[in-house]
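K.L.:
Make the full structure from the sequences, and use the hints.
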Amino acid sequence: MRQLVNWFRRKQMDRDLDRELQYHLDRRITDLKNSGLPAQEARKRAMQELSGIVQTQEEVRDIWLRWWLTDFLYDFRFSLRSFLRTPSFTITAVLSLTLGIGATTAIYSLVDQIVLHALPVRESERLVLFDWDGDWVGNGFGSWNLMPYPVCRDLDQQKQFFEDVFCRALTPVNLSIGGDTSPVTAEIVSGNYFPVLGVGAAVGQVITNDDDHAPNAVTVISYDFWRTHLSGASDVVGRKLLVNGHPLTIIGVAASTFRGIDVGEVPVLWIPASMSTAVVPGLNDLLDRRTFWMQVLGRLNPGMTRQRAESGLQPWFKAMLQEDMGRPGFPVITAERRQEYLNSSLTLTSAPQGHSPLRRQLSDPLWMLFAATAVLLGLVCLNVSGLFLARASTRVREIATRLALGASSGRLTRQLLAESLLIALDGGLLGIALAPLGVRVLIAFIPRGISANALHAGIDSRLLLFALLVTVIAGIVSGLAPAFQSGRCSLASSLRERGGTAFGRVRLRKIIVTAQIALALTLVVGAGLFVRTFDALITKGPGFVTSSLVSFGIDAMRGGYSNAEGEKMMAHVEDAIHRSPMIQKSAIARNPLLTGGSWNNQMTIFADQRIVTDRLVHLNAVTPGFFETLGIKLLAGRNFDDHDVSPPGRPGWRSAIVSAGFVKRYLAGRNPLGTRICLDRRPDAKPTMEIVGVMSDFSYRGLRDDTEQAYFPFYEGEHPFGTFYVRVRGNPEPALESLRAIVRSAAPTLPMTDFRTLDEQVHRSLNAERMLATLSGSFSTIALLLSLVGLYGVMSFVATQRTHEIGIRLALGARRWSTIWLVLRDGLVMILSGICIGLPIVLALGRLIESQLFQVKPWDPAVIAIAILALSLAGFGATLLPAHRASGVNPNDALRVD
Amino acid sequence: MPPSRFPIPQGTLDMLILQIVSLEPVHGYGIALRLEQISRSVVQVNQGSLYPALHRLEQRGWLKAKWKQSETGREAKFYSLTAAGRLQLTEERNSWARLAGAVQLIFDEGSGS
Chain D
252 MRQLVNWFRR
262 KQMDRDLDRE
272 LQYHLDRRIT
282 DLKNSGLPAQ
292 EARKRAMQEL
302 SGIVQTQEEV
312 RDIWLRWWLT
322 DFLYDFRFSL
332 RSFLRTPSFT
342 ITAVLSLTLG
352 IGATTAIYSL
362 VDQIVLHALP
372 VRESERLVLF
382 DWDGDWVGNG
392 FGSWNLMPYP
402 VCRDLDQQKQ
412 FFEDVFCRAL
422 TPVNLSIGGD
432 TSPVTAEIVS
442 GNYFPVLGVG
452 AAVGQVITND
462 DDHAPNAVTV
472 ISYDFWRTHL
482 SGASDVVGRK
492 LLVNGHPLTI
502 IGVAASTFRG
512 IDVGEVPVLW
522 IPASMSTAVV
532 PGLNDLLDRR
542 TFWMQVLGRL
552 NPGMTRQRAE
562 SGLQPWFKAM
572 LQEDMGRPGF
582 PVITAERRQE
592 YLNSSLTLTS
602 APQGHSPLRR
612 QLSDPLWMLF
622 AATAVLLGLV
632 CLNVSGLFLA
642 RASTRVREIA
652 TRLALGASSG
662 RLTRQLLAES
672 LLIALDGGLL
682 GIALAPLGVR
692 VLIAFIPRGI
702 SANALHAGID
712 SRLLLFALLV
722 TVIAGIVSGL
732 APAFQSGRCS
742 LASSLRERGG
752 TAFGRVRLRK
762 IIVTAQIALA
772 LTLVVGAGLF
782 VRTFDALITK
792 GPGFVTSSLV
802 SFGIDAMRGG
812 YSNAEGEKMM
822 AHVEDAIHRS
832 PMIQKSAIAR
842 NPLLTGGSWN
852 NQMTIFADQR
862 IVTDRLVHLN
872 AVTPGFFETL
882 GIKLLAGRNF
892 DDHDVSPPGR
902 PGWRSAIVSA
912 GFVKRYLAGR
922 NPLGTRICLD
932 RRPDAKPTME
942 IVGVMSDFSY
952 RGLRDDTEQA
962 YFPFYEGEHP
972 FGTFYVRVRG
982 NPEPALESLR
992 AIVRSAAPTL
1002 PMTDFRTLDE
1012 QVHRSLNAER
1022 MLATLSGSFS
1032 TIALLLSLVG
1042 LYGVMSFVAT
1052 QRTHEIGIRL
1062 ALGARRWSTI
1072 WLVLRDGLVM
1082 ILSGICIGLP
1092 IVLALGRLIE
1102 SQLFQVKPWD
1112 PAVIAIAILA
1122 LSLAGFGATL
1132 LPAHRASGVN
1142 PNDALRVD
Chain Z
4 MPPSRFPIPQ
14 GTLDMLILQI
24 VSLEPVHGYG
34 IALRLEQISR
44 SVVQVNQGSL
54 YPALHRLEQR
64 GWLKAKWKQS
74 ETGREAKFYS
84 LTAAGRLQLT
94 EERNSWARLA
104 GAVQLIFDEG
114 SGS
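Chains as they are written, first to last, in the working numbering: chain D, 252 to 1149; chain Z, 4 to 116.
It is possible that some hints are incorrect.
[As the list claims (entries may be wrong)] Heads up, incomplete: computed chain D residues facing chain Z, CB under 8 Å, no partners named:
1) D267
2) E271
3) Y274
4) E300
5) E310
6) W315
[Claimed, not checked] Heads up, simulated DMTMM-like pairs for lysine to aspartate or glutamate below, C-alpha to C-alpha not over 25 Å straight-line:
7) Z:K67 x D:D313
8) D:K295 x Z:E78
9) Z:K67 x D:D269
10) Z:K67 x D:D267
What the hints contain is simulated information worked out from the structure, not anything from laboratory work. All of these numbers come straight from a predicted model, not from anything done at the bench. Note that CB positions come from ideal geometry on N, CA and C, so glycine has one too.
P.N.:
Laid out in structure tokens, this is it:
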């Protein structure tokens, strides 16, 4: 141990050596001078005698190093030999640590990839992401941090803060190469995107500002796509692709490491913003300042801070708000709303990891799992500690002998630490070897479309470093208790202990087991809460019958159809589906269900008083058969019919069906039918629609949804796209094929997106919950087992030690149950104190996981009671067994032991 | 003038240092002075090898060191024997005695024949 400390105190040691040698020199020179030598001569002599200060220093340093190394190697050799002598101990300890380190590494791999990993671009730490905080007065599509394209150009002029500002938006497109059409993700980018990020081309060139000044039908494809779909053809530059029916020329392949700036969605191709009106459905004017659809990112100037840039930009931003209000096309709004608009501000967040909706969705569950694995790893370390202590108690004689032979107790302590480090290293290496398997299991919980190209299960250098760090920490923590114990044992006490009781050691083992029980309790309660949440969501269901229900999306614009053609095509597909013998019912909804997203807005209700909804109402447009197809009950009023389609030339809906929750929240006690509403919250809003029906609540965005909904008739929209919901007869498998054939014959170039059964859709929407429930469940099972093993081990030891005492008691006429109680009491004290320590931790941590729970509080008494009961019963069992065995001893045998 | 001086035998320097330190805590220069007294009469000790030896003994846990005020008033590093060092010294002394005795025995036999 001292050598280890020396290692860190190198500087101090060097200084001490200098001082020591200087003292020698000075004394020698003084003595030599006193004996009559001239000063200069004396100095020279003194130096000579020491054969040079520098050389002496070097020699001493060599000794430090050599000694440290040989000791180290000796310790390791010695440990190895002693491990080989006790294989069951070694295997148990190594496997526990493999489990702990492997699980921690696997979870960290995802945390790193999704949450922490900076983009592989130039100086990613200087990237910031802009957000408009306040009322846009505009239309948005996309998710998070939406901005209009012209604002990006304006920001790019703010050179006192930013080197450059660029923007991008992800959009799904239909990509056709050589007659083959598939839905892929494209990233629309401003011309400076690649240069600012410092990303180059693997082949050809990247998009530059020149491509963005005027529409230029070019594209850059991703390296992966080039390899897999174009087999890495060297003549790829100059080839043409069809994107939503528009021909684009490939000008290059992006660098192999670059996969866009969103971890969750890897684009297959990049398209200059100048082309966006052609390839993004619904976008009519790129320069429209009221259309919010892109994320804007900037690179701060060197030395510029995010805060200074943010406050420095506000005057410009306020001026822009004023100026925008005067522009033609700015909506007419009330004074109140104008104030909200003018109060908007521009915020900047640091964005070295880019922009990722997946990160927003998964970072909380991932951190929770990471915390759970950390607790598990702690428990594993305690377990290994306990094993070491148990082993040490059988090595009392060896240790006493070594002490007698002159080994210092520090030396023994170091030996024990070396042993635990060696065990941890074995466990760590095995854990690292198994981690990719774990990562693959984890990735399986994430929707396949995302995981397939965005996440990988390999071990990179960052992960390796993390795993090694964890290994060393685990080794030190596991070895701490045994080392502490041995540090306190003296020669005399060790010899005295021979065959006798080792109370100090047992006490430490008891403390360790108590801590294990406390940690296990937190994991078991956490798992209970997540399982309850998952169970509650499954039991609740989406509110409609999912079996034999299939859905798929089509978007006519992305097939290059005009609006009229598209509507005709959609009608044709619907017709063909209706006629198919395999299908019971079908309907179309504008937006898909259970995908996490929705179309939403605030509404105004004109009841006996004017009510503006206090939260967003989630909206959808559906064909008349929708509720019937999904099996959603109409509680009052009527379904949509042909009358609800507004006459041509008068756009907008006239009728709406609202959810029971909507009525309960805003129209309680009133007759909702006939109530007039509108899709606007402005004071000047006019009542345009009438509620014609009320349907029962069902899930729109996800199973957790408890929001109010309003539905409008389909076929009123601007451009033909939608999700078909089809109830098939019997088994969905054969029906899927016939549906695919129907769409292919009606629209050969149009791919079906998200083609799956609703059961699968429900399953997908619960990915995070399933991941939390399954993994925390397995972790807590392991934790429970580990602490039971620890408890059992200590109790067996205690029972064996007390055999003699029990024998005497039995011989003196004690009842058997009273001797059982003697041992049992010890175990129960540990279990109870473990629970008492664990409970406050559970209560403290509860708040942190609250956001992920559903229909269960973090302090749910039932969950906590069950966890305590399970832990106590299992612990009781683990205690009873050794107690029972000890009490069964024959007094004669017990007394003869010594 | 000492009649003849021979280089100190391998390994005996450590023993000598342990012996000197065993009498009382002493700093490096003090040990050097004592060694010089010995070497003036019998053996020759290179002062340059003193400090590496001291540190080696310290690392082995036979010596412990402490910074204290020396007789001149300045701080110096004083070495003293640890329990293990005392054991080691006894052992070395014994084995030295045995070795010397054995060698003597051989010489005696040689002169007797």
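K.L.:
Output the numbers, in ascending order, of every earlier hint that fails for this structure.
P.N.:
Of the numbered hints given earlier, the structure breaks none, since each of them holds.
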